[in-house]
Amino acid sequence: MTERPALRAEGVGKRFRSRAARDVLALKDVTLAVREGEFLALLGPSGCGKTTLLRILAGLESPSSGRVAIGDTPVDGPSERVGFMFQSAVLLPWRPVLANVLLPVEVRRLPEAGWRDRALQLLATTGLAEFADAYPRELSGGMRQRVAICRALLMDPEILLMDEPFGALDAMTRDVMNEELYQIWRRSRKTIVFVTHDISEAVRLATRVAVMSPRPGRVDRFVETGFTSDDAYADRLGSVRYLEQVRELRGLFLAGHRAAS
Amino acid sequence: MSRDQIAGSMEAPEGLDDAGEGRLRQIVLGALPFVAGLALWELLGRLQIQSLQYVIPTPVSVVRALAEDLTSGEMFVHIRITMTEVLAGLAIAIASALILGVIIGRSPTLERAFYPAIVFFQALPKVALAPLWLIVFGFGLGSKIALAAMIAFFPLLVGVIVGMAAIRRDEVELMRSLKATQWQIFVKVQVPRALPSIFGGLEVGALFALIGAVVGEFVGARGGLGYLIEFRSSRLDLPGIFSPLIILAMIGLALDLATKAIGRRLMHWEGE
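In order, the protein sequences belong to chains A and B. Note that the first sequence covers residues 253 to 513 in the working numbering. Note that the second sequence covers residues 3 to 274 in the working numbering.
Hints listed in this document are in silico derivations from the structure and should not be mistaken for laboratory results. It is possible that part of the hints are untrue.
Stated by the list, open to error - Some chain B residues well away from chain A (every beta-carbon gap over 12 Å; in silico):
| # | residue |
| --- | --- |
| 1 | Leu68 |
| 2 | Ser74 |
| 3 | Ala115 |
| 4 | Ala182 |
| 5 | Leu247 |
| 6 | Met269 |
As the list claims (entries may be wrong) - Going by beta-carbon spacing under 10 Å, a handful of chain B positions derived as facing chain A:
| # | residue |
| --- | --- |
| 7 | Arg25 |
| 8 | Asp172 |
| 9 | Glu272 |
The beta carbon of each residue, even a glycine, is placed where N, CA and C say it ideally should be.
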């Protein structure tokens, strides 16, 4: 892999000031290079700083040390080259679905007319064509997350950063959403960084998994899943390699857990 | 049409029918105390109890007085005066509560600075200032508008400040991730979230403005429903007092329903 990274972090650390106790070292010396078109999962238990790392990559938070860059551009705030997805859909309840999807266009003061068709098309590809005029309260959790995906994809960002986007959904809806996201990635070949604490979810989706551990938050190692966008979702799930990867990662976490306690 | 068909056609909009029945039931239940009160009132009047004769007019005499006030047109002059005071006072209260509330709500420093003053003035019974406003603004509309505005101001201010604090972190984050400006965050996310409690303040404030106008007229005025009540009480005209009272209750009800209707329109997305 010699191509230039789409997104990279060099020696990134994050210290949270705490009034009551000692400062918390949320991240320590994290270096990672996200390849173009890669699906990278940031995998780790809660408190390992994976969300903090993602927020720093997104420019929503600034690192206490180290540097972050998209391509050759240093990150010093949110960028339009990045689409961000939160743990919940965060749809504005007073706006119909279409207006929620068009929010990025509105915020950037671009002519909405030129983007309407694209928004409607995105809604159609996620099966929400007839819900364009519905209000978020009329949608199920999975449908809301789909609207959030459409919103994140609207401006066609190079990179998609996702913070446990399906964590709040029930297991079956989550499976469906995983497959849909996988299809979107296969079609669009976007660079995706996906935070999760679910080992099998990471192995199902990612081309590479960054294994993180807490206190202080750091990336212990990278594991190539060996899958590429040529592999269909169902084939991945049914493969022996999938099971082996899950077992291997599970072993890693168990070993880490025993060593810590 | 056979019996079954009729029954069928009546059953068709079942949910709707149930809702209609429930509403009817509510109306009947809600009307009962009024009917009972009126009956008791009429009864007391007819008993011709000596000691009550000058205190309680009969419903019939009140209705007669009300009809007379309305047909002679006298009532409308006073309604217009009181309504002008209420609406002008409310407008001033809304404008100043929005300006001050937004400034305070956006700056923790200013909130700390203004908070003691707000608590102080809120604790003060504003009606006690009526004689002062009379001196400052005179017998005309000005002193009543001032009092109405001042009484309506505080519930509105509290509503705006609480509403500004109802801003949601995740929505601000979303806007930040889209590179929104502070102004965009305010308009697109903070204001919509603030509406419910602003309207809560408005519902109280609108009725408070009515109180302010009437009390202002009691203290000294040349017209208005409060003035009419005050004037007639000096003549022991009991049915004549009750007639503007009924109008005042209707105005209060209308103000309340109007604010609620506007609120529902603006916040159609709420509550469900």
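Going down the list of hints, with the structure as the test:
With a closest Cβ-Cβ approach of about 44 Å to chain A, leucine 68/B is found to remain outside the 12 Å limit, as its non-interface label requires. At the 12 Å boundary, the C-beta of serine 74/B stays outside the reach of chain A, the nearest C-beta of that chain being 49 Å off. Look at alanine 115/B: its CB is around 23 Å from the nearest CB on chain A, clear of 12 Å, so calling it non-interface holds up. The claim that alanine 182/B lies off the interface is violated: its Cβ sits roughly 5 Å from the closest Cβ of chain A, which falls inside the 12 Å cut-off.
With a cut of 12 Å on Cβ distances, leucine 247/B stays outside the contact zone with chain A, its closest approach being about 40 Å. For methionine 269/B, the condition that its CB be more than 12 Å from all CB atoms of chain A is violated, with the nearest at approximately 8 Å. Interface restraint check: arginine 25/B against chain A, minimum CB-CB distance 24 Å, threshold 10 Å, status violated. Hint status for aspartate 172/B: holds, given a least beta-carbon distance of 5 Å to chain A, under 10 Å.
Residue-level restraint check for glutamate 272/B holds (minimum Cβ-Cβ distance to chain A is 8 Å; threshold 10 Å).
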